[in-house]
Amino acid sequence: MPELWAGTDAGKSEHHCTVIDTDGKRTLSRRVANDETALLELIMDVLALSEGEPVTWAIDLNAGGAALMIALLTDNGQQVLYIPGRTVHHASGSYRGDGKTDAKDAFVIADQARMRRDLQPMHRGDDIAVDLRILTSRRLDLAADRTRAINRLRAQMLEYFPALERAFDYSTSKAALVLLTGYQTPAALRRIGTNRLAVWLKNRKVRNSSVVAATALEAAEAQHTAVPGERLAATMVARLAREVMALDEEITETDLLVEGRFRDHPHAAVLLSMPGIGPVLGAEFIAHTGGDMSVYGSSDRLAGVAGLAPVPKDSGRISGNMRRPRRYCRRLLRVFYMSAQVAARCCPVSKSFYERKRAEGKTHKQAVIALARRRLNVLWALIRDGRTFEITAPPSPVPLG
Numbered sequence: 000m001p002e003l004w005a006g007t008d009a010g011k012s013e014h015h016c017t018v019i020d021t022d023g024k025r026t027l028s029r030r031v032a033n034d035e036t037a038l039l040e041l042i043m044d045v046l047a048l049s050e051g052e053p054v055t056w057a058i059d060l061n062a063g064g065a066a067l068m069i070a071l072l073t074d075n076g077q078q079v080l081y082i083p084g085r086t087v088h089h090a091s092g093s094y095r096g097d098g099k100t101d102a103k104d105a106f107v108i109a110d111q112a113r114m115r116r117d118l119q120p121m122h123r124g125d126d127i128a129v130d131l132r133i134l135t136s137r138r139l140d141l142a143a144d145r146t147r148a149i150n151r152l153r154a155q156m157l158e159y160f161p162a163l164e165r166a167f168d169y170s171t172s173k174a175a176l177v178l179l180t181g182y183q184t185p186a187a188l189r190r191i192g193t194n195r196l197a198v199w200l201k202n203r204k205v206r207n208s209s210v211v212a213a214t215a216l217e218a219a220e221a222q223h224t225a226v227p228g229e230r231l232a233a234t235m236v237a238r239l240a241r242e243v244m245a246l247d248e249e250i251t252e253t254d255l256l257v258e259g260r261f262r263d264h265p266h267a268a269v270l271l272s273m274p275g276i277g278p279v280l281g282a283e284f285i286a287h288t289g290g291d292m293s294v295y296g297s298s299d300r301l302a303g304v305a306g307l308a309p310v311p312k313d314s315g316r317i318s319g320n321m322r323r324p325r326r327y328c329r330r331l332l333r334v335f336y337m338s339a340q341v342a343a344r345c346c347p348v349s350k351s352f353y354e355r356k357r358a359e360g361k362t363h364k365q366a367v368i369a370l371a372r373r374r375l376n377v378l379w380a381l382i383r384d385g386r387t388f389e390i391t392a393p394p395s396p397v398p399l400g
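If you count the sequence shown from 1, position 109 lands on 108 in numbering that gives the first Met the number 0, and the numbers rise without skipping.
No wet-lab data here; the hints were simulated from the structure.
Lysine-lysine pairs mimicking DSSO-like chemistry, simulated, CA-CA at most 30 angstroms apart: (1) Lys103 x Lys11; (2) Lys11 x Lys24; (3) Lys350 x Lys364.
Work out the full structure, taking the sequences as your base and the hints as a guide.
Structure follows, in structure tokens:
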């Protein structure tokens with residue numbers, strides 16, 4: 000058993016560390032700058048207090064401003080536990096005093112680490128997993144920016160040219176975005192005409208340029224009224240269209256970086272053999288698990304982290320109710336849910352399992368979650384055994400007689 004527990008309330012520029020002994024008595028409470036020299040000094044001082052006995056460190060962040068401290072602790076062979084901020088917030092209510100300070104939060108973190116036995120130690124991920132976490136997070140940001148830009152573009156067009164806003168799906172049609180970089184108003188489209196617009200689009204390598212031009216002119220002929228603010232709105236639409244196209248290019252470049260780094264990981268071949276998992280979802284799996292399955296110990300533990308293991312919700316005479324846990328990795332759940340949706344359509348084994356669940360009365364969402372849970376077990380076994388997924392044909396019926 001450790002003799003000291005060091006709780007750290009992490010911040011951007013400064014952390015507060017509180018050290019307690021086996022009786023919960025404070026032996027050190029210090030605010031320290033988020034700087035390597037200061038953090039190393041803190042670590043050495045805490046180790047000096049322990050006099051060679053084990054020290055357990057606990058922290059309320061697992062990335063961001065706490066990354067440097069976590070790296071220094073793991074490099075120095077210290078055990079680090081992660082306590083989510085939400086857990087600290089709820090636990091604070093059972094401690095004396097209504098006020099909130101960094102020192103109190105650090106004490107709560109240390110005391111929770113002292114009393115609880117369900118906290119998982121943090122492990123420093125391998126370089127590939129860290130790189131993939133950075134790349135997949137960047138891709139998620141780009142995809143969110145793209146969605147916001149398209150929504151703003153469509154809302155702006157709806158104010159002055161609703162017919163053209165309805166004519167194309169701007170989230171999937173690159174041709175429509177190219178069109179908007181040059182022509183955004185009914186009058187401008189009527190002036191250039193169908194034939195010249197088709198040539199203009201073709202020169203910009205737009206497929207089916209004649210169809211796109213005809214669709215745009217049809218929308219232009221449906222509206223001959225100029226709405227107030229049309230000129231400025233058209234300028235904004237052109238800028239937003241160029242912004243979406245630039246984001247598409249950056250997303251494509253990021254996907255290439257993700258795929259290249261992902262294929263360097265030893266589990267890449269296993270993950271890609273699973274139907275429904277491509278380089279992006281496979282990279283997210285590595286990024287949010289660290290690529291080391293030994294950290295979880297069992298597939299059930301991994302399912303709990305991914306939100307695929309239901310927990311009981313019983314009270315009084317009511318029993319047998321199950322619900323999804325409140326604390327789980329939503330990005331990891333997305334990996335299994337999205338891949339299960341694809342596999343339910345393209346993989347015969349997954350499709351058969353999905354249809355069986357629907358026949359049992361499950362909704363589409365319930366059936367997909369059940370399939371995701373089954374696929375998690377399969378993926379765990381494949382990674383454990385170093386094998387790739389193979390679809391086995393069902394046995395042929397034996398003729399009678």
